[in-house]
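Chains A and B are the protein sequences, given in the same order. For the first sequence, the numbering used here assigns the number -12 to the initial residue and increments by one for each residue that follows. For the second sequence, the numbering used here assigns the number 62 to the initial residue and increments by one for each residue that follows.
Misleading hints may appear alongside valid ones.
Claimed, not checked - Pairwise CB distance ranges (calculated): (1) Glu234(B) <-> Glu139(A): 55 to 63 Å; (2) Glu89(B) <-> Asp99(A): 38 to 46 Å; (3) Glu134(B) <-> Gly166(A): 29 to 37 Å; (4) Glu139(A) <-> Gln254(B): 42 to 50 Å; (5) Glu242(B) <-> Gln71(A): 50 to 58 Å; (6) Arg100(B) <-> Leu131(A): 18 to 26 Å.
It should be emphasised that the hints constitute simulated quantities derived from the structure, not laboratory data. Note that beta-carbon positions come from the ideal geometry of N, C-alpha and C, so glycine has one too.
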Amino acid sequence: MGSPDAVIEAKPEGGVSLFPLPSSLDRDAKRREDDELVERTRRGEMEAFEALYRRHSPAVFGLALRMLQNRADAEDILQEIFLQAYDRLPSFEGRSAFGTWLYRLSVNRCLDHLRSRGAKEQSRNEPLTPELPGRASNAGLRGLELERAIGELPPSSRAAFLLHHVAGFDHKEVGEMLGIAVGTSKSLVHRARTRLKEVLAR
Amino acid sequence: MTEEHPEIERLNEYLDQGLDPRDHRQIESHLGRCEECRRTLSDLSAIVRGASELPPVAPPEKIWESIAASLIERKSFSKSGSRSAFFTALAAAAALLLGVSLWLVMRGETPPPTNQAALADMVTEELRAAESHYDKAIVGLEQIIAQNDGVLPQELTSVLNQNLDLIENAIGESRSAIAGEPQSTAAQESLLQALRSKVTLLQNTILLINEVRKGQGENALDLIDEMRKTPGAPISNVPSNPI
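Please construct the entire structure, taking both the sequences and the accompanying hints into account.
Now the structure itself:
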């Protein structure tokens, strides 16, 4: 599955269990490696922070691209997110995995950006899909069509859908990241799927 | 009598296995009889599967370079030893080069002076400023390379030095041409191009040192390959087994 390293805490739920996740051993090993890199970064080792960036930036960049639907904005936000993550590392307590914590920062930064972009978002017509590497799924749904359709979702549904189905977080984690109830996360994801079905049928 | 279709929300819950057993059986039974609902469920399933297959996206390398430069500018890594010095110098060189780039942009926007003598003075002054920026960047980069003497294999170092000598010759020739004809735009452009080539070669040499230090031989070989093709400053005579 396409889930990135950053989602090592992700757990399947319900129908999502159709798709394989990394084994818990892999997840534990990756988490330990991340913890060590975080510790070394706190001691001032640039190399360790660079390693964290290399491990997690593709997942964060994918999220930012799909959330913002604009490559230049996604590049700016990616840079901001990692600088913010670096600044906040001292307060990172390790209760969640670094990847989960980073996703939380990322999705909220993307939502803030969309809010501040406000009405202008509707007028942005820069084609994003050629930048995204969506590929055909087993069921015949073209990845690029899906990427394009995701761009038509309202921001909150888009965020919940991407966190749950692309990154693989369960609804409890999505709820914590977005500051919403578990039921609200489910409802947003269901609405997103229904809307995507309509968009893809056009 | 026509059977009523379940709401799509219920099909979504069925897909997530979120219904109680009785409702689950009810939907399952309906699906057995209703092709339209089977198609809806199949579409929703395809969306879920398609989403799970969307891959991560590698960001362009320039993003990390900007992050590293920002952190170094804030002196976040000032106590981390030689690697910190490495990045500090790279960031300083990048800042100086940015200064030159801005100069080149602003140069095009400056209103032309009214007489030829004033024009000549202005161009000479601007060229001197650009040269000074490049020279400072070059000094910084050369210092890092000197601090990492011995990291690269001798044969490769020798080839890189030969290529630097060629660029040095071009810089010398351009400076001679400018001395003979200070207003020559071609000579000025040629000098700036040669300085740019030198900076590019030095920057690539440092990246190469970095890859070798990290033990990333394959990355180093890729980089050497790119250096062979660098527009304006391709390196030549690279040994067959450089690393």
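How the hints compare with the structure:
Checked against the hint of 55 to 63 Å, the pair Glu234(B) and Glu139(A) passes, with Cβ atoms roughly 59 Å apart. A hinted range of 38 to 46 Å holds for the C-beta pair Glu89(B) and Asp99(A), which are about 43 Å apart. Distance hint check for Glu134(B) and Gly166(A): the Cβ-Cβ separation is about 33 Å, which falls inside the suggested range of 29 to 37 Å. At about 48 Å, the beta-carbon gap between Glu139(A) and Gln254(B) stays in the expected band of 42 to 50 Å.
Our hint of 50 to 58 Å for Glu242(B) and Gln71(A) holds, since their Cβ atoms are close to 53 Å apart. For the pair Arg100(B) and Leu131(A), the beta carbons lie near 22 Å from each other, so the given range of 18 to 26 Å is met.
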